[in-house]
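Number of protein chains: 2
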Amino acid sequence: MRRIRLRHPVLQGNQIIADQNRQIFNQHSLLSLNVMSSPGAGKTTFLESTIQYLGNQMRIGVIEGDVATTLDAERIAACGAEVVQINTCSACHLDAGMISRVLGNFNLASIDFLIIENVGNLVCPAEFDLGESLCVTLLSTTEGADKAVKYPAVFQRSDAVILNKIDLLPYVNFDLKWFYDSMKELNPNAPIFQISALSGEGMAEWVHWLLTKRIEQRNESGRDSM
Amino acid sequence: MRRIRLRHPVLQGNQIIADQNRQIFNQHSLLSLNVMSSPGAGKTTFLESTIQYLGNQMRIGVIEGDVATTLDAERIAACGAEVVQINTCSACHLDAGMISRVLGNFNLASIDFLIIENVGNLVCPAEFDLGESLCVTLLSTTEGADKAVKYPAVFQRSDAVILNKIDLLPYVNFDLKWFYDSMKELNPNAPIFQISALSGEGMAEWVHWLLTKRIEQRNESGRDSM
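Top to bottom, those sequences are chains G and C.
End of the first sequence sits at 226 in our numbering; the numbers just go up one at a time, nothing left out.
End of the second sequence sits at 1226 in our numbering; the numbers just go up one at a time, nothing left out.
Think of the hints as simulated: they come from the structure by calculation, not from any bench.
Heads up, some of the hints might be wrong.
The following label-pair restraints were derived from C-beta to C-beta distances [to be verified]:
(1) G:15 x C:1077: 20 to 30 angstroms
(2) G:87 x C:1012: 17 to 27 angstroms
(3) G:52 x C:1110: 37 to 47 angstroms
(4) G:184 x C:1213: 41 to 51 angstroms
(5) G:15 x C:1071: 23 to 33 angstroms
(6) C:1170 x G:213: 36 to 46 angstroms
(7) C:1052 x G:89: 32 to 42 angstroms
(8) C:1070 x G:184: 16 to 26 angstroms
(9) C:1052 x G:213: 44 to 54 angstroms
For glycine and all other residues, C-beta sits at the position ideal for the given N, C-alpha and C.
Using the sequences and the hints given, assemble the complete structure.
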């Protein structure tokens, strides 16, 4: 079998579109998030809770990436956010082109945050820049503390790490010290938020950080009005 | 950007090597398993427990697929199984060629079961036949009952489904009825084993099924000695 490696050209092509997306987001002073995790780490519940916390003050658009079904998009729509579903069929990650193709569905001028829920996968999404302002990775306590060292790329790329299902900590063997030590090695600058998306524990600190990032972004882009 | 789709040729190339692997496994009357799940569903603990149950009667070889680290291989070696580690670097699944390249590290004639722990990922591994006799997918109760319909390919391809972390059921919102109904739609022939790999609950039923499959395979290949 001849093996043709298309990895680099594919990633280069992705980067061009990601940079275009980033430019569009900046023009609209949008803070965009690329939210990544394993399947079942609680991304959708986390988004529901984030929207609830931000909801009254902020206008939120959500892009839902899923292999199949519109289940998550329906849950997000029920929270009152504008939502667009991308079904990737068998593709295991979102890429910048997929994001670019659905941006026309939003009135970007009327949105403060664009949140992209990536396909549940700790490997492939880490390689594809979508043009986002911030990468956020969720890990749930039920997955185990070894996941940061076993799937380093996604944790290295993150601007913040959310440790979800903290309410289940008493029932699982999650070595908090190991996880924090690993993150110190992999990505010492990323803050770690311990939360329970279900109960709301820790959500206020996360949302405070997110709002601070938005102010920073707007100050940088020369617009200081909120 | 021109986009060149290499999906089909890659999968065709994989199939040729998978068929060669299968022939080698059959020649050695090996029962081979391809074990798939999300990161953190408990594959390695499940293998530790399976090896413990089979250990005295059966000789077991294990191929550990991981993006990075040898953590899982070390745990499996400590159980007394022969183990070979494949680090895929950033690749998100094992393919038949990777398996083929490491088979020389085993004395296949002296092994009863070859267990392959795939990379933690519910999407990509489902597409790559490794030549295995049986596909086994783990889902943990903490991931949620929607995962079967959201990631259908891996559940459709499975010969058995393991519902792990059944001990955590009282603490999570896992809709058992929805999960069983979904599996009835997707793959009515695959048995579902409710287990706790940590406590050993349900492991005896799973291992009994596995031993039955081995007897069936040996009867089919004309060797009825165990």
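Could you tell me which of the hints above the structure violates, numbers in ascending order?
-> 1 and 3
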